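Colleague: Join these two chains into a complex; the hints should help.
Chains as they are written, first to last, in this note's numbering: chain H, 1121 to 1296; chain P, 6 to 145.
Simulated from the structure, these hints should not be mistaken for laboratory data. Just so we're clear, the structure is a prediction, and the values are computed from it rather than from any experiment. Watch out, some of these pointers could steer you wrong.
Unchecked claim - 25 Å max Cα-Cα, derived SDA-like pairs, lysine to any residue: (1) P:Lys80 - H:Phe1230; (2) P:Lys83 - H:Phe1223; (3) P:Lys83 - H:Leu1287; (4) H:Lys1290 - P:Tyr84.
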Amino acid sequence: MNSLLLGRKCVSGMADKKLNDIEIGAILEAFVESRDVTVASINQSRTFKFLIVFINFYVLGFIIIYYFLRYNLLQAVGIGLMTEEFFIVFDGRAQIMFWSLVFINMGAYFNIGFRIISLIAIVYLLNSTVDNAVIFSGLVSFADRPYFSAFIVSRPIIIIAIAWMGLSYKNRLEVD
Amino acid sequence: MISNLELSKLFWVSLAFVYVFVILAVYSIVTLPENTFSADSSEQVMAAVKLTYVRLSLAIVSSVVYPILLFSSLKYTKYVTVALTAWAVAIYIDDYLVLYRIIEYPERGIVVFIQTIRPIFLASLLWMSFELTFTRSKVR
Chain H
1121 MNSLLLGRKC VSGMADKKLN DIEIGAILEA FVESRDVTVA SINQSRTFKF
1171 LIVFINFYVL GFIIIYYFLR YNLLQAVGIG LMTEEFFIVF DGRAQIMFWS
1221 LVFINMGAYF NIGFRIISLI AIVYLLNSTV DNAVIFSGLV SFADRPYFSA
1271 FIVSRPIIII AIAWMGLSYK NRLEVD
Chain P
6 MISNLELSKL FWVSLAFVYV FVILAVYSIV TLPENTFSAD SSEQVMAAVK
56 LTYVRLSLAI VSSVVYPILL FSSLKYTKYV TVALTAWAVA IYIDDYLVLY
106 RIIEYPERGI VVFIQTIRPI FLASLLWMSF ELTFTRSKVR
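This is chain P alone, in the form it adopts within the complex (with noise of 0.2 Å):
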């Protein structure tokens, strides 16, 4: 079933990266400490914790709704990734050149790991989103 798509290998992997992303995105917000929501934390946590919460779950919809229409329809796969590639682009522009005074993240060993991988994130689901609109003829 995947090779009748004719997809590249380095598709495959970067959204195989993609998921391990999310996945740990989504373990390191529900295990976050408890005293995270407490009085003490700073007001930049707290927003940067509820942003979270509210990207997360669109993320959390966007992994299961993904592979149903990659097996269904290569045309629209194309417009989902591209939205939510430019959704990834624009939280990360958000976060660096606009937020950057009213939100903070934790200082978490897996959080600061997340913040890390992310530039590599963004350039899987760019590459993903290349691959659909360019190289694809049956696509378009």
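Here chain H stands alone, though its shape is the one from the complex (with noise of 0.2 Å):
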């Protein structure tokens, strides 16, 4: 409806200059339909969807381990770490890491921001792996620690896949 009144008024050619009401209307309503199709339509690749969703599944995996182990829903098999000091440290990092999550959903969903996002994710991550590496790297051993071991040895892999998701995304508006 909208391309062919557009087309009538193209056809009318320049002599008739002016626009009624009804055209505005339609001008207007086609811009309204490529913004929706901007924001909903998100064009990645499949290594993009598998990332985001692998660090989705990653960063909310540890976060209810955390939570779990937290208030004695899963059994620890070390008590070091079970102390209020320890508690206040990864309490700090599952927020930050809950909300560092939700902006990358939402920069990725709205196609705002989502590399600077993604960067500051990764700055953050490796300022807090090298934290951990200088602070806790007594602490890790899988016999008696595994879920906190697990976790420490695997930073590098989603940080590398937060870098990879990064380079990977596709600005739709760069694109078109």
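Modeller: Shown next, in the form of structure tokens:
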């Protein structure tokens, strides 16, 4: 309908330059539709889709495991980390990772600042990984603390995954 | 050469402040008293000093590379500035909201002074990031 109206206007030529209300409405409607398409259809590669799903599962998985351990819903093998100081550290980390994940997903869906958000998440993860390596490296032991050790050892994987996701992200506005 | 970059005076003031802050931080860690590493020091102080060594080594590398990058490519300077700002903010959040029971900075005059001016250091970095991201069409 819109394209028909716009097409008719073009055909009528340069003689009649004034637009009536129906034609103005048609133009506005046409732009509304294109904006919907820009927001809703995210034409990303399979790699990107796999990585964003993996990152969501990874972060939410570790947050759930942490809170299960924190509230004694999961049997901790070693009790060396079950102190108030460590809970404060991991509560903070869990909160920050949760909100990073929220912003990553929103950035990907709305196509706003996704690469900047990914860069910030990578920098934060790198910093916390260095902090963990300096402070907690002596506590890594798969026999005594399997969940904690898996969390520390798998950090580079998530950093690489986010970096790869940021690089494989296609900005629709740039492509168009 | 500086005028060719078309950056505001506030950007250069912020950059100068950032360098002063880093130099002060390096000075404070280099001149730490020897007894900081004795067995009498608390584990929290030792953890803070170890972390500061790692962080400052990265800060020194960044301080050397940054001017070279600034005068060669504004596009990459923007990304590096955003990354460094995110890193500085992440350290600040970590120190005050996450690690505050694990680490403790030594009670020295210069360390207290550095902690006091730390928010201004972050504000300077944020200003630089915003200016490079939003006000320079050439950068994008």
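Colleague: Work down the list of hints and note, for each, if the structure agrees.
Modeller: Cross-check of the supplied hints:
With a C-alpha separation of about 24 Å, the suggested pairing of Lys80 of chain P with Phe1230 of chain H holds against the 25 Å cut-off. For the hint pairing Lys83 of chain P with Phe1223 of chain H, the CA-to-CA distance comes to about 21 Å; that is within 25 Å, so the pair holds. Distance check on the hinted pair: Lys83 of chain P and Leu1287 of chain H sit about 17 Å apart at the alpha-carbon level, within 25 Å; holds. Straight-line distance between C-alpha atoms of Lys1290 of chain H and Tyr84 of chain P comes to about 18 Å, which keeps the hinted pair within the 25 Å bound.
The structure fails none of the hints (numbered hints given earlier).
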